[in-house]
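**Student:** Okay, here's what each chain looks like letter by letter:
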Amino acid sequence: MPSYIIRRLLQIIPTVFVALSFLFFIFFLLPGEPARLIAGGAERNVDPGVLERIEERYGLDDPVLVQFGNYWQRTIQWDLGDSYLTRESVNEMLGEKAVASLRLAIWAIIIEIIVGIAVGLLSAIRRYSIGDRLTTILTAAASALPVFVLGFVLQYLFAVQPNKWDWPEWARLRTSGIGPDTWTFFFIPTGEQWRYLILPAITLASVTTALLARMTRGSMLEVLRADYMRTARSKGLGEREVVLKHGLRNAMLPVVTLIGIDFGTAIGAAVLTETTFNWPGLGSQIVTSVQQRDLPVLLGFTLSVVLAYALVNLIVDLSYAWFDPRIRLGKGDHG
Amino acid sequence: MVDAAVTSSSSPFTRKDVLLSMRGMRAGFTTDDGFVRAVDGVSFDVQRGEVLAIVGESGSGKSVTAMSILGLQPTLEIAEGEILWKGTDLLTMSEDDRRAVRGKEIAMIFQDPLTALNPVHTVGRQIGEMARIHEGLDKKQARERAVEMLDLVGIPEPRKRADMYPHEFSGGMRQRAMIAMAITCKPDLLIADEPTTALDVTVQAQVLEVLVDIKDEIDSAIILITHDLGVVAGLANRVLVMYAGRSIEVGTTDEIFYETRHPYTLGLLASLPRLDDAGDEALVPIVGSPPSLIRKPSGCAFHPRCRFARVPGNCQTDDPALRLVAGDAHMAACHYAEELSGVTVESLRSMIDFEAEAARIDDTLPAEPLEPEDESEYEAALRDVAIAEAAAHPGVMDRGVRDRGGRDGSEWPAQPEDPRDGEVAP
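Protein chains in written order, with our numbering: chain A, 5 to 339; chain B, 12 to 437.
Hints listed in this document are in silico derivations from the structure and should not be mistaken for laboratory results.
Source: prediction; values computed, not measured.
Computed footprint of chain B on chain A; a stretch qualifies when at least three of its residues, placed anywhere within it, have a C-beta under 8 Å from a C-beta of chain B: (1) 226-232; (2) 239-253.
Below, in silico cross-link-like pairs of lysine-lysine (DSBU-like), each with a Cα-Cα straight-line distance of 30 Å or less: (3) B/Lys115 / B/Lys226; (4) B/Lys115 / B/Lys150; (5) B/Lys171 / B/Lys226; (6) A/Lys249 / B/Lys151; (7) B/Lys115 / B/Lys151; (8) B/Lys197 / B/Lys226; (9) B/Lys97 / B/Lys197; (10) B/Lys150 / A/Lys249; (11) B/Lys151 / B/Lys197; (12) B/Lys115 / B/Lys171; (13) B/Lys197 / A/Lys249; (14) A/Lys249 / B/Lys115; (15) B/Lys171 / A/Lys249; (16) B/Lys197 / B/Lys171.
Yeah, the Cβ is synthetic: ideal placement off N, Cα and C, and Gly gets one too.
From just these sequences and the hints, can you work out the full model?
**Tutor:** As structure tokens, this is what we get:
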């Protein structure tokens, strides 16, 4: 097991290297000179002398391969450089935004796990009931609804309307921003913070929750037909125990895989939700950096997203061994 | 519901110390094509301590019959009948009461132990769970009980095995574990659904041995569902032969094997290969395939495949009732059961023109059940000759089955004693 974990961690290195190198070269293939952007934008006429100084200062006049080498040298030491635009340290920016992203992602995943699995499970057990049919329709709708539409609707219903109609204070949520940014245990909101957190978390969770509910339903339906479920009933177990003790864990394998992927996505690619709710996260910053050709920020943020993805997937794979003892981790060691 | 007269003690089935009594059971499944009459009027008793074998082809309704006792098929629709367990009808019991019977009083051994055991729980936990449900043992006590049970069914190093998962067991060991689980609460009745079918031949004998030993140890009755007549011969006291959802012959194992009174049973026996056979005796197949349970043939459901059927005649028009044909409890559902007296596997074989038969099988193989009008004049003649000839060669059958050693079960290949019962899966 420890050797398996070490091997998996080592595998992250080539993944990160390839992903970032690819991004690095793509950047230089794209039209538009970075120096001009740094100087104030592509539309402006800039003094060539200024451009030169900028290129020299940022090392942009070096051959691309030299720049590439320098980049990796710094990155290995976790020095992600400064933003071309704001001169802010990328490490510092990352600290702020990654934490905000992570907190939002954690809550989205908590909602996804609780609601998705519960709904999927009930749907499978009461197959073809009204509740099941309703769930099927709602999950299809939820996964088809654009995230920003849902975001706007929620903002309107729970943040705008309550103020208009003078709802009690406790029922008023906030439309946007990170809020007072007060937390305990890293991710539990304190004070007024929850009013800012709850709507983006629900919005970010919506699509994945719907998919997870469908996945859970399908997986559980398969398990309900399994021979060992009949065996469990033949022992005299009640239906609830049969489902929870014998069925659930067997049905969780594909579900856990999906949760892992969703968590990675929620950390790094929650662009629409972050934008709609003005939540300062990684995803929206990455999009901004692409638009602004802010290479250090783009690379630094992408690096952290790739790392988060890889770690979450490692945790998911480790959890397989618990969910299904037939899966032996590190079997590859023996060929 | 069957009326009181039928269920009263006047039934020829009723005997002393009856544990389970299935009466007039009719049940089936609704499908898109129609209602599948899987169990069509089956009645039988199981006495304390006896082994009743239910025999039949796939689709004869034997598994459904057994499963209906525990109520494990949610889609099964029971049209009529009752299943008396120690005098109380299981079908009208509350779900809670029925659950209390499951596992504790009636336990089930399933066919394929790999899929029937939960892959994510240890074997010990699955066995111990039985005791936790019905005897309220705590986790530790349940584990101890599981170890004890594994030891009882002859699994070496039971303490270590209890913590292993089903996939780490070999097929034979899995089935032993399954048996261990079933007997944890010392049930009065074990239902074994094809307990050896999924196993290697070499392991089958060992598992059956365990089953026999256990039966003596805990003194429970067994309903053994199988299509393997070798298993029946070695284990059962009585046999119920099923065809197309009906019981067509019931009797002691001796009666079924040596004084067969139904053409279908005779067909089953004749299609059985014999180990002592020099290889020159052809097997006698039962021509055709089992009938659709949605649209059964008119009259006797077996008549399209029957070598002795009188078509046209009452075989085609009247459904024969199960009736007493010999002794005090040998029953068969055949209009001409008496004429089969003296017909044996040997005499049946001697009267068949195998070349003509082979040609006929080739013609009919695309397995729609034969319709009565399919019978040629030749076949009608063949049938007349068959009955006459068979009667002329009495007593050959005795030798046939006895030679095979069917009675004491010694036709199971003798195994060198291997306490480990095969290797552990890698």
